[in-house]
Amino acid sequence: MNEAIRRMWMVAVALVLVLLVAGSTIQVVLADQLKEDPLNRRQIYLEYGAPRGPILVDGEPIAQSVESDGRFAYLRQYSESGMYAPITGMYSLNYGASGLEQKLNRYLAGTPTSAFMDRALEIVTGSTAQGDQVELTLDSDIQRLIYGALPDGVRGSIVVTEVDTGRIVGMTSRPTFDANAVSSQNLAESRAAMEELESIPGGSAYTNRATQQLISPGSTFKLIDAIAMLESGDYSPDDELEVPERYTLPGTRTQMGNYSGEGAQCGTRSTASLTWIMANSCNTPFAEAAVDLGQDKIREVAERFGFNQDFEMPLDVAASRFPQDLDDAALAQSAIGQRDVQATALQMNMVASGIANGGMLMEPQLVESIRRSDLSVVESFSPRERGRVTSEDVAAQVRDMMVAVVEEGGASGARSSQVQIAAKTGTAQIDGTDAVHSWITGFAPAENPRYAVTIVIENTDLGTGRRLTVDNMKRIMEAVVAE
Amino acid sequence: MPGVISPPHPRRNVELLLLVLALGIGLGANLLGAIGTEQEITTAYWVQSGVLAAASLALHVVLRLRAPFADPYILPITVTLNGLGLAIIHRLETSNTLANATTQLVWTVVAMAMAGALLWFVRDHRLLRRWPYLFLALSAVLLVLPLLPGIGMTVNGARIWVNLGVGTFQPGEIAKITLAVFFAGYLSANRDLILLAGKKVGPLTFPRMRDLGPLVVAWLVALGVLVFQRDLGSALLFFGLFMAMLYIATSRASWILLGLGLIGLGAVLAFLFMPHVTARFDVWLNAFDRQIYERQFGGSLQVVEGVFGMASGGFMGTGLGAGSPWRVPLNHSDMILATIGEELGFVGLSAVLVLYLLLFTRIMRAALGARDAFGKVLAAGLAFTLAWQLFVVAGGVMLVIPMTGLTTPFLAAGGSSLLANWIIVGLVLRISHSARRPVVVDDMVNASGPGAGHQDPAKLVALEPHRRGAGRRGSARRAAVGGDRA
Numbered sequence: 001m002n003e004a005i006r007r008m009w010m011v012a013v014a015l016v017l018v019l020l021v022a023g024s025t026i027q028v029v030l031a032d033q034l035k036e037d038p039l040n041r042r043q044i045y046l047e048y049g050a051p052r053g054p055i056l057v058d059g060e061p062i063a064q065s066v067e068s069d070g071r072f073a074y075l076r077q078y079s080e081s082g083m084y085a086p087i088t089g090m091y092s093l094n095y096g097a098s099g100l101e102q103k104l105n106r107y108l109a110g111t112p113t114s115a116f117m118d119r120a121l122e123i124v125t126g127s128t129a130q131g132d133q134v135e136l137t138l139d140s141d142i143q144r145l146i147y148g149a150l151p152d153g154v155r156g157s158i159v160v161t162e163v164d165t166g167r168i169v170g171m172t173s174r175p176t177f178d179a180n181a182v183s184s185q186n187l188a189e190s191r192a193a194m195e196e197l198e199s200i201p202g203g204s205a206y207t208n209r210a211t212q213q214l215i216s217p218g219s220t221f222k223l224i225d226a227i228a229m230l231e232s233g234d235y236s237p238d239d240e241l242e243v244p245e246r247y248t249l250p251g252t253r254t255q256m257g258n259y260s261g262e263g264a265q266c267g268t269r270s271t272a273s274l275t276w277i278m279a280n281s282c283n284t285p286f287a288e289a290a291v292d293l294g295q296d297k298i299r300e301v302a303e304r305f306g307f308n309q310d311f312e313m314p315l316d317v318a319a320s321r322f323p324q325d326l327d328d329a330a331l332a333q334s335a336i337g338q339r340d341v342q343a344t345a346l347q348m349n350m351v352a353s354g355i356a357n358g359g360m361l362m363e364p365q366l367v368e369s370i371r372r373s374d375l376s377v378v379e380s381f382s383p384r385e386r387g388r389v390t391s392e393d394v395a396a397q398v399r400d401m402m403v404a405v406v407e408e409g410g411a412s413g414a415r416s417s418q419v420q421i422a423a424k425t426g427t428a429q430i431d432g433t434d435a436v437h438s439w440i441t442g443f444a445p446a447e448n449p450r451y452a453v454t455i456v457i458e459n460t461d462l463g464t465g466r467r468l469t470v471d472n473m474k475r476i477m478e479a480v481v482a483e
Numbered sequence: 001m002p003g004v005i006s007p008p009h010p011r012r013n014v015e016l017l018l019l020v021l022a023l024g025i026g027l028g029a030n031l032l033g034a035i036g037t038e039q040e041i042t043t044a045y046w047v048q049s050g051v052l053a054a055a056s057l058a059l060h061v062v063l064r065l066r067a068p069f070a071d072p073y074i075l076p077i078t079v080t081l082n083g084l085g086l087a088i089i090h091r092l093e094t095s096n097t098l099a100n101a102t103t104q105l106v107w108t109v110v111a112m113a114m115a116g117a118l119l120w121f122v123r124d125h126r127l128l129r130r131w132p133y134l135f136l137a138l139s140a141v142l143l144v145l146p147l148l149p150g151i152g153m154t155v156n157g158a159r160i161w162v163n164l165g166v167g168t169f170q171p172g173e174i175a176k177i178t179l180a181v182f183f184a185g186y187l188s189a190n191r192d193l194i195l196l197a198g199k200k201v202g203p204l205t206f207p208r209m210r211d212l213g214p215l216v217v218a219w220l221v222a223l224g225v226l227v228f229q230r231d232l233g234s235a236l237l238f239f240g241l242f243m244a245m246l247y248i249a250t251s252r253a254s255w256i257l258l259g260l261g262l263i264g265l266g267a268v269l270a271f272l273f274m275p276h277v278t279a280r281f282d283v284w285l286n287a288f289d290r291q292i293y294e295r296q297f298g299g300s301l302q303v304v305e306g307v308f309g310m311a312s313g314g315f316m317g318t319g320l321g322a323g324s325p326w327r328v329p330l331n332h333s334d335m336i337l338a339t340i341g342e343e344l345g346f347v348g349l350s351a352v353l354v355l356y357l358l359l360f361t362r363i364m365r366a367a368l369g370a371r372d373a374f375g376k377v378l379a380a381g382l383a384f385t386l387a388w389q390l391f392v393v394a395g396g397v398m399l400v401i402p403m404t405g406l407t408t409p410f411l412a413a414g415g416s417s418l419l420a421n422w423i424i425v426g427l428v429l430r431i432s433h434s435a436r437r438p439v440v441v442d443d444m445v446n447a448s449g450p451g452a453g454h455q456d457p458a459k460l461v462a463l464e465p466h467r468r469g470a471g472r473r474g475s476a477r478r479a480a481v482g483g484d485r486a
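Chains as they are written, first to last, in the numbering used here: chain A, 1 to 483; chain B, 1 to 486.
It is worth saying that the hints were derived from the structure and are not from the lab. Among the clues, some could well be false.
[Said to hold, decoys possible] Each pair of labels, with its calculated beta carbon distance range:
(1) B:Val61 x A:Asp32: 49 to 57 Å
(2) B:Val47 x A:Gly49: 48 to 56 Å
(3) B:Ala197 x A:Val18: 36 to 44 Å
[Stated by the list, open to error] Anything over 10 Å on all C-beta distances counts as not near chain B; from chain A, calculated:
(4) Ser24
(5) Asp37
(6) Asp58
(7) Asn186
(8) Leu249
(9) Thr254
(10) Ala329
Note that CB positions come from ideal geometry on N, CA and C, so glycine has one too.
Use the sequences and the hints to build the structure in full.
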């Protein structure tokens with residue numbers, strides 16, 4: 001009988017062993033796979049139930065987790081969301097995360113491997129993970145100013161950077177959205193907000209227009225042409241160049257003209273200095289020069305500034321385009337920022353910034369610091385050189401031309417008694433319509449540049465575009481430089 | 001048989017020490033659960049742990065007075081499991097309106113009092129051997145009770161509950177014990193007849209129907225009632241109990257194989273012809289199918305959420321109170337192991353499983369040392385039933401077998417289950433006392449020195465108290481008892 005009892009005991013032990021194997025299979029071997037099972041909503045609830053690190057501007061949270069009595073222990077709250085939403089993005093149960101909420105998730109959620117010890121401590125204490133806090137380079141005053149500069153209903157972006165560090169101190173775009181609404185834990189509410197947003201042309205909770213919208217840069221691209229021209233040694237700022245009325249695109253019968261509307265100057269001269277041509281933004285001399293220099297030279301300069309290359313800062317920055325294999329006709333049009341050339345607002349800001357900083361382009365950055373909840377620093381800002389975009393001499397020559405643009409040329413509306421501004425405007429025609437994309441990119445103070453500002457208003461009429469770009473450039477520069 | 005019989009030290013102090021540790025675990029778990037769920041630690045927490053401690057210590061005192069040689073590990077292990085269960089049910093109160101630690105505590109006290117009363121009044125477990133048919137009748141009544149109109153209740157499709165006015169009760173839990181007592185009594189008394197007086201068919205010897213008859217009838221009745229009550233879990237449990245006891249009493253593996261064949265056949269038939277069994281298998285085999293997961297009734301949500309919970313707990317667990325067991329329906333009763341797996345991790349889950357392993361190992365050890373066949377069959381049978389019940393419920397939770405809906409002994413919320421399992425603890429403590437106590441006989445016997453316990457079988461037989469109606473079967477019983485030592 002005892003032998004039978006022993007055998008029964010062995011059977012019982014075997015049963016427990018089976019359970020231990022099953023338990024370890026579920027909890028250890030297949031745990032990660034089970035966590036990612038499409039039926040498993042735990043991970044989402046876990047994340048949404050934990051306090052997430054805040055995103056700060058000037059030490060004040062623009063996105064933070066607050067305790068909630070709702071479905072989850074915490075709720076993501078955005079302050080002045082319209083102003084910051086394209087940067088913070090959303091953190092939505094329905095639609096996932098976007099913007100910095102997505103890009104910096106591993107910090108905000110507090111889960112990178114470097115937090116291993118913290119995690120071990122949490123297991124012992126049973127407390128929940130506290131995410132890292134992210135401080136941005138943005139300046140809330142500048143941000144508020146530029147946000148106010150774009151009226152409701154327009155499409156466009158403004159970018160303000162520090163030229164010698166690459167800090168992005170202001171970045172805004174329209175249309176914007178309320179991240180609180182699309183991140184609402186009330187799913188019907190969040191769906192309604194999302195549907196409303198997507199009914200607006202250009203409305204999106206997933207993209208940041210200032211870094212992702214590709215727009216024909218128009219005449220602002222002439223800054224690249226000018227650098228290519230000056231670098232070639234065949235041109236200098238004071239050389240007299242022909243200013244033909246019409247330029248027939250090589251190999252075609254299509255004729256390119258100069259701006260002939262209100263205040264047009266190009267038609268008044270047959271020859272002029274490069275500075276004057278730049279100041280009045282005459283198209284034909286730049287088209288001719290670009291064809292003389294060849295597409296490779298123009299492209300090479302453009303790529304030094306960042307064209308044809310995407311990057312993260314840490315928001316996604318789309319690659320601005322200067323295409324390959326252009327024929328001369330296409331090259332001539334591309335040289336004045338039309339046709340296939342496209343750029344983001346940030347890209348044209350980098351062009352101004354590189355010129356302003358004596359030819360040394362700094363890496364644009366948005367994150368000032370990342371800290372643990374105990375304020376110990378995980379990462380902090382340090383200026384990084386992106387690369388030399390041109391020589392100091394050429395940069396200075398182009399800067400002087402840009403001063404002329406404001407002082408005596410097409411952007412005279414931006415002339416300020418308080419600060420000397422250097423800038424270049426651009427107006428890209430949209431084929432088949434009267435609408436234009438209106439640009440301005442520049443920096444100030446001209447002698448000792450501190451900030452580069454870029455404004456683009458998309459799909460607007462000439463007058464509104466000019467007003468919103470040129471007038472705002474003056475207002476913004478006066479405000480930020482005076483600070 | 002050296003090593004089987006423990007030296008006759010009471011070891012009640014060891015028990016006391018372990019009991020303090022067990023109560024510490026229960027108290028610690030209770031407080032951690034409060035901290036984890038951000039509850040204020042009110043006096044209720046201390047009262048709860050205090051009541052558990054008082055009841056446990058009272059039982060300990062009963063053991064000192066009435067069963068001083070009882071196994072010193074059984075009580076601390078069960079108190080640990082019971083205390084942990086209480087803490088987890090308390091922790092679940094915030095999110096589960098069905099979880100009620102106070103009710104569970106009251107039942108715990110009642111159950112422990114019953115175990116204490118059993119130890120106090122039943123001085124010798126062989127008393128229960130006297131009326132096997134009384135226990136059979138009792139089992140039948142208990143099993144039929146839920147089917148009676150008026151007091152019977154159907155919960156979640158199983159008609160296994162009775163409404164007592166003040167609360168509900170599952171008589172089947174108690175029937176588990178009365179059936180075990182009947183089986184043990186009958187088998188120990190008729191063992192030789194069953195074994196020897198059979199017909200040989202090929203390599204197998206089958207017992208005469210009239211010797212095995214009452215057993216088969218009892219088993220069939222139990223099973224039949226369960227089929228009508230649609231309680232798959234209990235059916236499996238009774239079957240396990242029956243097979244284990246038959247094997248322990250007869251050592252005939254061939255009969256067990258035959259029995260397993262029958263259970264296999266029964267499972268196939270049930271699968272084919274009983275829709276609710278078919279559904280159980282379907283849910284088990286295709287648990288992760290979205291359609292089955294989202295099925296409103298009888299879907300796999302419960303078990304799949306349990307598995308997800310365990311996966312999210314991982315190796316170390318989320319910590320008590322820090323998980324999301326609210327996603328798992330019945331997280332306080334049928335699925336309490338999933339809650340443990342989630343919040344205490346694989347570490348905690350395996351600790352609990354090992355505690356069970358220790359518990360039934362200690363009970364089986366008592367069975368090995370028991371000096372009578374009845375005690376042996378009863379203790380070992382109950383020990384195996386415990387392991388089998390654990391396997392059926394935990395295997396269901398972990399998708400090893402289809403889900404059947406049994407309670408996890410001592411841990412899960414449920415008064416009937418607590419009561420039944422504590423009565424089992426009382427019984428096995430009583431048996432272990434008689435197994436470990438020094439043999440005091442009229443003649444000089446080596447009771448405590450080296451080789452203690454190796455008595456002359458003839459003396460043991462002589463010690464057997466005379467039983468009413470022992471006439472015909474008496475010789476068989478004596479032979480059975482003597483046979484143990486052979």
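For each hint, the structure was consulted:
1. B:Val61 x A:Asp32: 49 to 57 Å: Because 50 Å falls inside the window, the suggested range holds.
2. B:Val47 x A:Gly49: 48 to 56 Å: Violated, at about 31 Å.
3. B:Ala197 x A:Val18: 36 to 44 Å: Between alanine 197 (chain B) and valine 18 (chain A), where Cβ atoms are some 38 Å apart, the hint holds.
4. Ser24: 6 Å, violated
5. Asp37: Incorrect as stated: the minimum Cβ-Cβ distance to chain B is 7 Å, not above 10 Å.
6. Asp58: About 33 Å separates aspartate 58 (chain A) from the closest Cβ of chain B, which puts it past 10 Å; holds.
7. Asn186: Given a closest Cβ separation of 20 Å, the condition holds.
8. Leu249: 60 Å, holds
9. Thr254: For threonine 254 (chain A), whose nearest Cβ neighbour in chain B is about 59 Å away, the distance exceeds 10 Å, so it holds.
10. Ala329: Check passes; 57 Å lies beyond 10 Å.
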